[in-house]
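Here the protein sequences line up with chains A and B, keeping their order.
Be aware that the first sequence starts at 1, since it is given in the working numbering, and climbs by one per residue.
Be aware that the second sequence starts at 1001, since it is given in the working numbering, and climbs by one per residue.
Calculated from the structure, these hints are not laboratory results.
Treat the hints with care, as some may be off.
Listed below are the simulated SDA-like cross-link pairs for lysine to any residue, each with C-alpha atoms no more than 20 Å apart in a straight line [to be verified]:
id: 1; chain 1: A; residue 1: 119; chain 2: B; residue 2: 1009
id: 2; chain 1: B; residue 1: 1002; chain 2: A; residue 2: 33
id: 3; chain 1: A; residue 1: 22; chain 2: A; residue 2: 5
id: 4; chain 1: B; residue 1: 1037; chain 2: A; residue 2: 66
id: 5; chain 1: A; residue 1: 119; chain 2: B; residue 2: 1010
id: 6; chain 1: B; residue 1: 1119; chain 2: A; residue 2: 118
id: 7; chain 1: A; residue 1: 295; chain 2: A; residue 2: 163
id: 8; chain 1: B; residue 1: 1002; chain 2: A; residue 2: 163
id: 9; chain 1: B; residue 1: 1008; chain 2: A; residue 2: 150
Protein chains: 2
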Amino acid sequence: MKVNMNYKNIAQSYLFSTVAKKVNEFASKNPDKTIIKLGIGDVTLPLCEQVVNALKSASEEMGRQESFHGYGPEQGYEFLKSSLQGYYKEHGVNLENDEIFISDGAKSDLGNILDLFDKDNTVLVPDPVYPVYVDTNIMNGRKILYMNANQDNEFLPLPDENVKADIIYLCSPNNPTGAVYNKEQLKKWVDYANKNNAVILFDSAYECFITDENLPRSIYEIEGAKTCAIEFCSFSKMAGFTGTRCGWTIVPQDLVFDDMSLNKMWLRRQTTKFNGVSYIVQKGAQAVFTPEGKKQIQQNLEYYKENAKLISDVLTRHNIWHIGGKHSPYIWLKCPNNMKSWEFFDYLLENVQIVGTPGSGFGKNGEGYFRLTSFGSRENTQKAVERLDKFLG
Amino acid sequence: MKVNMNYKNIAQSYLFSTVAKKVNEFASKNPDKTIIKLGIGDVTLPLCEQVVNALKSASEEMGRQESFHGYGPEQGYEFLKSSLQGYYKEHGVNLENDEIFISDGAKSDLGNILDLFDKDNTVLVPDPVYPVYVDTNIMNGRKILYMNANQDNEFLPLPDENVKADIIYLCSPNNPTGAVYNKEQLKKWVDYANKNNAVILFDSAYECFITDENLPRSIYEIEGAKTCAIEFCSFSKMAGFTGTRCGWTIVPQDLVFDDMSLNKMWLRRQTTKFNGVSYIVQKGAQAVFTPEGKKQIQQNLEYYKENAKLISDVLTRHNIWHIGGKHSPYIWLKCPNNMKSWEFFDYLLENVQIVGTPGSGFGKNGEGYFRLTSFGSRENTQKAVERLDKFLG
């Protein structure tokens, strides 16, 4: 048996293990100092009450003969797809029920969608980038091109007509930078894709952090997107489902390449290689869309947003260039005094015992930048902000 | 963008849709007749109490700050892997903790494992076969060879030294036939694989139905299997998790091809393209292994086994050749009077209003055979058996 040799080409990432190692070393040398972690990329607030009640009640249903559920539809239950249809309608996007596929999370579908594409396609990803976009394509042996995201374009690269790409990854609000495309910018991408017969893989996992009504929360707010884009989203950040696992993927019916419907291909992929998301989890996800559920998840989102604002404000006060933090849980800052990313990491840890993530870990354009997140507790975030305020002042 | 053209080669299966169509037609023409479905391929008994309690309590944990769980390990929580380690030890199999990977079900992993293999491998599947083995490989453009399972070999084909295969699918107890390999037979496969540098994908989803201690429940009961086999199993049939979604895959550390560890490759695949199974569901699965949980799932298994015995007994009384039913929820019978599969389907529906699955739907060697299952209610199974007894007599 011959193995898939492309696995030899995947780079090992030591980003988070190096962070952990440095933090542990500092902590053991300085047992009296309190370290505050603002590098957390995971939600920390518990599931809201409505969701917990729905999960418990669905668990009970599964324990009774008359309400037991065996295999469900691989593409998700109608009740949850209908709720999502309604959610999209709120920002003016009309979707057919069978354009929505429920999954166990955006990460799975972002990887698995590549099953539908030939190896012989050129992939375009931004730099800095969420490493999963790159690694999943290296596993398939596809050619990858990078587009520069930097201070000049406010970390929102736009299409270059001289570059011929087939598969384009866009993430907005962006991980790791927190930058958000506006409608005009996204329209340029949609036009590029339609003109060049390319497909856009649009990762909108952080759309729930957008508060400005003029900013697009879905790529389908842009005319023409249904003939070129697949959208991936998730309950992870929206409702704290990182450990509960539920997401969704939109594959429009108008998405046709080589006379083949990507919607039908994805349906075939999912019915063959997937068996659907737990009924219990889907009932929990549905509760997010009840009036009380909406209110409760909104409170959590406000909590994180207020944390982000506190961090952004202290950086603004000290004239530190940064983006994100407004429509995103991430704050992406330029390291002061032209420090390199790891230099600034050490500097913060040594002086104020704040841990963040070096931007260079996300690509060469991340060098000299640094990511802070709003997923810490309010208390810790406030403490961190006070330390920064004093130290930078 | 070029799509994966292999999708054009996947055959559409009309097996279950044709069954449904025929049943609906009969029902509308004969509103006075009660139809009994013995074609069900899904569990019907509810989750046991221990599991439901664990699911509810884990849901509550997720609703409290101090016990909330965000992202878990992609390969599964230690608590569940330890329980599975103990489960394997019961039938004499020692596994390292990191050889066990928790998944959302055997179907997902059986499909996704192919990521690790080059396209240029020859796949060997039995005929009749669970269609997923075939379709997932067609999607990748691999060459597929079939081996004949038939009455001569009691639907348990053995290796043929003249056939060179790289990836071998074995399912024991088998779906759809219910046939079970003994240790000597499995040893032949393990020896063949080790000699020919092949990998065995061993689907043991029905191992919980085995009652004879001499029959292997895991391929790792066979010496040499750890250098050639990956095992896929699931809580679906064992504990009624078809709608709750949890399974596991064993990738031994000794499994090395082209100097690459399949264990490390699978870990990399899962950490890149998967985010783990819901914490809640994993807690539910863990409860299966508590003393009370074991007792409760055993009661359900006994219920299905008794149904299988009732069906098998009536066939034996009327000298109808069949296998399965003893260590399997499936009964695979030769259609009487040399009827073809669909002919017998119509015959049963018309005369005794019993619905089963035509064997021809699982491959050419299934022609002339028929599958009944034990997942119906006791009451319906008894009624069906009475009808058959009267009719065949």
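Those earlier numbered hints the structure runs against, lowest number first: Hints 2, 3, 7, 9 not satisfied by this model.
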